[in-house]
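Modelling step: build the complete structure from the supplied sequences, incorporating the hints.
Number of protein chains: 2
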Amino acid sequence: MSNQNQTTLNRRGFLKNSGIALGAVSLATLANLSTSAKAAGVRVWPFGSRPLVRKGDVILFQGDSITDMGRSREKAALANNQEALGNGYAWFAGLELLVQKPKAGLTIYNRGVSGNKVFQLADRWQKDCLDLKPTLLSILIGVNDLWHTLNGNYNGTVEIYERDYNALLVRTRRALPKVKLVICEPFVLRCGVVNEKWFPAFDHYRAAAKRVAETHGALFIPFQAMFDRAIQYAPAKHFTADGVHPTDSGASLMAYNWLRAVTGGR
Amino acid sequence: MSNQNQTTLNRRGFLKNSGIALGAVSLATLANLSTSAKAAGVRVWPFGSRPLVRKGDVILFQGDSITDMGRSREKAALANNQEALGNGYAWFAGLELLVQKPKAGLTIYNRGVSGNKVFQLADRWQKDCLDLKPTLLSILIGVNDLWHTLNGNYNGTVEIYERDYNALLVRTRRALPKVKLVICEPFVLRCGVVNEKWFPAFDHYRAAAKRVAETHGALFIPFQAMFDRAIQYAPAKHFTADGVHPTDSGASLMAYNWLRAVTGGR
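Sequence lines, in order, name chains Y and D.
Positions 91 to 356 (our numbering) are the ones given, in order, by the first sequence.
Positions 91 to 356 (our numbering) are the ones given, in order, by the second sequence.
Hints were generated in silico from the structure; no laboratory data involved.
Fair warning: this is a prediction, and the values are worked out from it, not measured in the lab.
Accuracy of the hints is not assured; some may be wrong.
When chains are identical, the list treats them as one kind, so a pair holds in a single copy or across two.
Straight line, CA to CA, 30 Å or less: simulated DSS-like cross-link-like pairs of lysine-lysine [said to hold, decoys possible]:
| # | residue 1 | residue 2 |
| --- | --- | --- |
| 1 | Lys327 | Lys223 |
| 2 | Lys327 | Lys193 |
| 3 | Lys268 | Lys327 |
| 4 | Lys145 | Lys191 |
| 5 | Lys287 | Lys193 |
| 6 | Lys145 | Lys217 |
| 7 | Lys193 | Lys165 |
| 8 | Lys191 | Lys327 |
| 9 | Lys223 | Lys287 |
| 10 | Lys193 | Lys217 |
| 11 | Lys217 | Lys287 |
| 12 | Lys193 | Lys300 |
| 13 | Lys327 | Lys217 |
| 14 | Lys268 | Lys287 |
See below:
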């Protein structure tokens, strides 16, 4: 489902459009972000026992094909609508929140795009994130950042992934200072297209996503550990057809774990 | 998926095999069951803030095709196994419990059988329930008890459904005095085979299931209200292909609501 045509985009497109000079985001600055966000009254992880999802939240799911899952482009502007939310974990999780909290006045969007890497999120961030003014932003990105290097369609590195991810969140916090952040761990299962060539590189992308979450005071959802447990009960292929894209069982399990985390049940 | 051949079973088969003279279970006796169970230290609803699922639980899902969902008969004796648990809400919910509570030592079985009505549960209750010694028993039964009368394959009534259901739980409590009970509300959505002929009769079956839950100190899971909310966000057919059998979206939503209830998150 990943659209590999998109991987030929010139990286300078991002640098020009992002509105951030990456050089200006030093490691020291990043290390202090979580602390300064806390001092400014911004909600950063750990959030204590209060659920992350609150009345009136505008929830945005962002990511690649795993988030996209066939969502309608025509109906994308409709909140709280199955066609707009697709058929993956974003729909399963969003639906359960809507059913569970009918009086919470939630507004739920999905803007995942198949094939995206983190720099491609940046390319469309103004219209597909900042303009929607989410109060809770959940991002799952990273598998293509490695996959597309393995199949020769991209020459990124884990350092570029982490740098771009950090820059994206610096930009997000500037535009939406109080946004609650959820960062989902990229995951793969050893089946389908996922072979030993993916390792240990893939583990470095997972570790980078976790560092990004810590830096920006985001709630981190450890999907890899979840799937590593799940495969005790069914073969890996039951959860991902190709090692990358979840089946309904996989998406459902992701949604449960996402929900438990954001509703305070973890 | 319901097996209508099974509907020709003679009801006297149940009366002979159940080991309970139905006449002996008077309404007055039933009304006092919950109170006397409580006095005997048996866990009855409401359970307070403690989650219903506890370490070491043997969890059994029982019901009809909605619970069955293609589970393997050959592997039925295997606990905590996808093929044995099928592809429906029992698998989705069971998997999430296993992943969420890896150290809880849970043992999870599914013994749903397509086409079953409540008297057919009774026919196989010894081997498919009592012999497994569940500590937490979840039952979803009732849609066929009405459906098979509408298509002319059964001549039961709501009174027979409620009487048989009560007798089944009296028998269960006698064999397993401390079993924790979960009774799931039967549900339908107005699409597929479900037309106006089903109403108001179906509502009476739902009400009967709720009374049975109250009588026996069971946790009641209101699936109909859940689905009635869900259809604000997608057409009914998105949740059940035929008005009766849940799709993956429907099964996933059922599993979330079941889980929230049994893990204390309701």
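Quick rundown of the hints versus the structure:
no.	hint	in the structure
1	Lys327 to Lys223	neither (37 Å within a copy, 32 Å between copies)
2	Lys327 to Lys193	between (38 Å within a copy, 25 Å between copies)
3	Lys268 to Lys327	neither (39 Å within a copy, 39 Å between copies)
4	Lys145 to Lys191	both (9 Å within a copy, 29 Å between copies)
5	Lys287 to Lys193	neither (48 Å within a copy, 32 Å between copies)
6	Lys145 to Lys217	within (24 Å within a copy, 48 Å between copies)
7	Lys193 to Lys165	within (24 Å within a copy, 43 Å between copies)
8	Lys191 to Lys327	between (33 Å within a copy, 22 Å between copies)
9	Lys223 to Lys287	neither (39 Å within a copy, 47 Å between copies)
10	Lys193 to Lys217	within (28 Å within a copy, 45 Å between copies)
11	Lys217 to Lys287	neither (36 Å within a copy, 49 Å between copies)
12	Lys193 to Lys300	between (33 Å within a copy, 25 Å between copies)
13	Lys327 to Lys217	neither (36 Å within a copy, 33 Å between copies)
14	Lys268 to Lys287	neither (40 Å within a copy, 53 Å between copies)
Comparing the model with each earlier hint shows violations of hints 1, 3, 5, 9, 11, 13 and 14; every other hint is respected.
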